[in-house]
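Q: Work out the full structure: start from the sequences and follow the hints.
Just so you know, the protein sequences line up as chains A and B, in that order. For the first sequence, the numbering used here gives the first residue as 2, with consecutive numbering after it. For the second sequence, the numbering used here gives the first residue as 2, with consecutive numbering after it.
Using 25 Å as the maximum straight-line C-alpha spacing, the simulated DMTMM-like pairs for lysine to aspartate or glutamate come out as follows:
1. B:145 to A:95
2. B:145 to A:91
3. B:167 to A:258
4. A:110 to B:85
In short, the hints are calculated from the structure, not lab data. Keep in mind it's a predicted model, so treat the numbers as computed, not measured.
One-letter residues, chain by chain:
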Amino acid sequence: MKKQLYWLVVGLTILAFAAPNANAQRKKKTPAQPIPTIEEFNQLKEKVGTLSTQTEAQSQEITGLKTKLEEVSAKALEKGASEEKIQNLEGKFEGLETDYLTTKGDVDKVKKLSVSGYIQARYEWQWASRTGTTAVDPALPWYTGTQGPKSQSNQDNFYIRRGRIKFTYTAGPTSRYVLYFDGSKNTVSLKEAYAELTEPWTKRNLSLLFGQFNWPFGFEIERSSSVREVPERSRAVRTLFPGERDRGANLTIPLVDRNGLRILVNGGAFNGTGIESSIFTWQDPTRRKDYIGRGKVQLPSFGPLHLDFGASGYFGDAYTPAANAAYQVTGWTDTNRNGRWDTGEPYTTRYVAATPALVTTKERLGGDAQIYYTLPLPFCKSGALFFEGYQGKDYSAKYATQYGIVKDTLARGVNKDFGVVNELGFYAMWVTNITSKLQFAARYDFWDPVSDADTLALSDKARQKTYAGALNYFWDDNVRISAALDVPFFSHRKDMAPPLSSSYDKDWDTRSHTATLQVQYKF
Amino acid sequence: MKKISTILLALGLLASVSTAAKRITIKGSDTMVILGQRWAEEYMKAHPDVTIQVTGGGSGVGISALINGATDICESSRPMKQSEKDKLKERFFTTGVEIPVAKDGVTFYLNEANPLSELTLDQIKDIYTGKVTNWKQLGGEDAKIVPYGRENSSGTYVFVKDNILKGADFAPGTQTLPGTAAVVNAVSKDKNGIGYGGAAFAKGVKHTKVKKDAKSPGYEPTEANVKANLYPVSRDLYWYLKESPTGEVKKLVDWVLSPAGQAIVTKVGYFPVK
Numbered sequence: 002m003k004k005q006l007y008w009l010v011v012g013l014t015i016l017a018f019a020a021p022n023a024n025a026q027r028k029k030k031t032p033a034q035p036i037p038t039i040e041e042f043n044q045l046k047e048k049v050g051t052l053s054t055q056t057e058a059q060s061q062e063i064t065g066l067k068t069k070l071e072e073v074s075a076k077a078l079e080k081g082a083s084e085e086k087i088q089n090l091e092g093k094f095e096g097l098e099t100d101y102l103t104t105k106g107d108v109d110k111v112k113k114l115s116v117s118g119y120i121q122a123r124y125e126w127q128w129a130s131r132t133g134t135t136a137v138d139p140a141l142p143w144y145t146g147t148q149g150p151k152s153q154s155n156q157d158n159f160y161i162r163r164g165r166i167k168f169t170y171t172a173g174p175t176s177r178y179v180l181y182f183d184g185s186k187n188t189v190s191l192k193e194a195y196a197e198l199t200e201p202w203t204k205r206n207l208s209l210l211f212g213q214f215n216w217p218f219g220f221e222i223e224r225s226s227s228v229r230e231v232p233e234r235s236r237a238v239r240t241l242f243p244g245e246r247d248r249g250a251n252l253t254i255p256l257v258d259r260n261g262l263r264i265l266v267n268g269g270a271f272n273g274t275g276i277e278s279s280i281f282t283w284q285d286p287t288r289r290k291d292y293i294g295r296g297k298v299q300l301p302s303f304g305p306l307h308l309d310f311g312a313s314g315y316f317g318d319a320y321t322p323a324a325n326a327a328y329q330v331t332g333w334t335d336t337n338r339n340g341r342w343d344t345g346e347p348y349t350t351r352y353v354a355a356t357p358a359l360v361t362t363k364e365r366l367g368g369d370a371q372i373y374y375t376l377p378l379p380f381c382k383s384g385a386l387f388f389e390g391y392q393g394k395d396y397s398a399k400y401a402t403q404y405g406i407v408k409d410t411l412a413r414g415v416n417k418d419f420g421v422v423n424e425l426g427f428y429a430m431w432v433t434n435i436t437s438k439l440q441f442a443a444r445y446d447f448w449d450p451v452s453d454a455d456t457l458a459l460s461d462k463a464r465q466k467t468y469a470g471a472l473n474y475f476w477d478d479n480v481r482i483s484a485a486l487d488v489p490f491f492s493h494r495k496d497m498a499p500p501l502s503s504s505y506d507k508d509w510d511t512r513s514h515t516a517t518l519q520v521q522y523k524f
Numbered sequence: 002m003k004k005i006s007t008i009l010l011a012l013g014l015l016a017s018v019s020t021a022a023k024r025i026t027i028k029g030s031d032t033m034v035i036l037g038q039r040w041a042e043e044y045m046k047a048h049p050d051v052t053i054q055v056t057g058g059g060s061g062v063g064i065s066a067l068i069n070g071a072t073d074i075c076e077s078s079r080p081m082k083q084s085e086k087d088k089l090k091e092r093f094f095t096t097g098v099e100i101p102v103a104k105d106g107v108t109f110y111l112n113e114a115n116p117l118s119e120l121t122l123d124q125i126k127d128i129y130t131g132k133v134t135n136w137k138q139l140g141g142e143d144a145k146i147v148p149y150g151r152e153n154s155s156g157t158y159v160f161v162k163d164n165i166l167k168g169a170d171f172a173p174g175t176q177t178l179p180g181t182a183a184v185v186n187a188v189s190k191d192k193n194g195i196g197y198g199g200a201a202f203a204k205g206v207k208h209t210k211v212k213k214d215a216k217s218p219g220y221e222p223t224e225a226n227v228k229a230n231l232y233p234v235s236r237d238l239y240w241y242l243k244e245s246p247t248g249e250v251k252k253l254v255d256w257v258l259s260p261a262g263q264a265i266v267t268k269v270g271y272f273p274v275k
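A: Structure (structure tokens):
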């Protein structure tokens, strides 16, 4: 291409020079031109070279332009491809956004489910472990009671006192679902399972619980074991409300919630057998339900003081299954001190007549008060005083046996108070935060299983006073380490025939003194 | 010897307590974290022997820290719930001390290019519950609404849910962001975005005029409107303490409520409590 162009240029150049000369010659009619000299030829050659260089440059320029044109074309093609890529990416993004929203919706549902719980691992040591002595082994099938504490030969154990896990699903402001399990010692049990409905129509937010949950009685029952400053609830609550829970329905009505004053009432109907009955594991043996109610008042803070108080009532029936006539063992001599009855060891018995099934009165009345305070001190800045009292009425087989059984049936209202004794219990507890991490608690706990015992000779019922103290250390936000000591005092009536003495024998039985070390993890 | 060692022990404990009182931790609301930091800076300038540490995380995080004893002061952009007060009572035998330290108008941010400038409370509720999804339904452009919000540990989140949404859930399409600054940033870059937060955050977005209902006039979250209770979404900003303040904490609280402390409230963009 270049060569052709070169010779073309040369030819044209020659023509360009020759033609005018030829014309000039024709015009002049002059004689033939002379042959160009070498100098003229070199000049021509130089000019051709210059033209050639310029042509070369133009050729290169054309080539460059061509390359640029090719690049621009390629970019244009690329741009088309980018647009396609962008569209593809947009499509993928929309797809991801849809997936994200779907996942977020699922996560939002899961976030409505909350899981909480705690574990209490304990080391417990009773003074009875030191001496190897025992009263009566409660595991024996004919065990009926004891003249003193029910201690076993060895009470020196590591064990899980409570291993709780609670699932709460809060769908919205009008409903909630709770499922609560406990694993302790060697069993797993269902503690609570209920639905809570909150009405949206009034501003009071009335709520209804339906299922299995805490009896709405008193202060101690509703207070979680994870918060309580001493290892166990009072003797009165453990006796009158075993398991603290039952199956039923309970309505809560907040009456006042203004300027720090809160008044709340709740009440419900329950089976009455609780969740720890070995006979009635879920049924209600009596036709009538048990009715329980509580009123609670929280007063506005008065300076550094804050006062809450409440009153509770329980009105229901208890069912005692029929019993065949039998010889009951009332005591035995552990001659070899192994904590078990062995063949040949002497024991005493008494005859107990057959008894029919009975429906008797079951009642409780309770009052509670809590005083919270803060002090302008570097230590023990805050604390609380808790008071609670219980009065109960329950059937006593011993009492009924003492005075003879009047035949009764399951029919309602037939001498339901026969065999019913009065019970009395109360506690007073002081708790203080020594520092923000260290807490001290002290409790006095009184329980009299037969408060009208002055007229009775019941040698197997002991009046009990317990002094308890505990130190709690908050290791971190989740862990609390506790060291506690329980010192019970028992007093019981001598087994006497009527007429009866009103005096009591006091008996401080060290065998039941218990030291507890507990690690609690709560989340 | 016993007496001397007892006295020495008591003195040592008192010394440790007095030393500990000079370090104050403040934790909680992201809405208030800048305000808390400004207060801390100014107070520490005048009291170089006092160290104040301010962190955010949300009102819920601050209240949890107060209940666990991990902070001296909790900053919260919402009142404590009864269940939280009960937990505080269980742990520290106190219902807590509530101190309003500033006022705020919860602000709804729109992108500056959004042609709309006012919304009713019901319209805001419909946007955040997903009932309204396009600006054209509100008289704006035909564009999908992109709602931005906060995490559920935020006091502002709880305040909007309780007071605007009346307890209803936020729509699943609500973009959750960690902090008001992030919400403002997102709305400033998104023509179709809407977000909410404290009145002190305003760069790059415009504050929506909020109307109580369709017939009422719309009001911006200005100091005058908040003080006159004209702006329908105003709230107190709180400091919560476990017990009545003493020592260095009391001095700090008194200073925050003083004209000097309240002047900082105005500088940051909130409104004085009195």
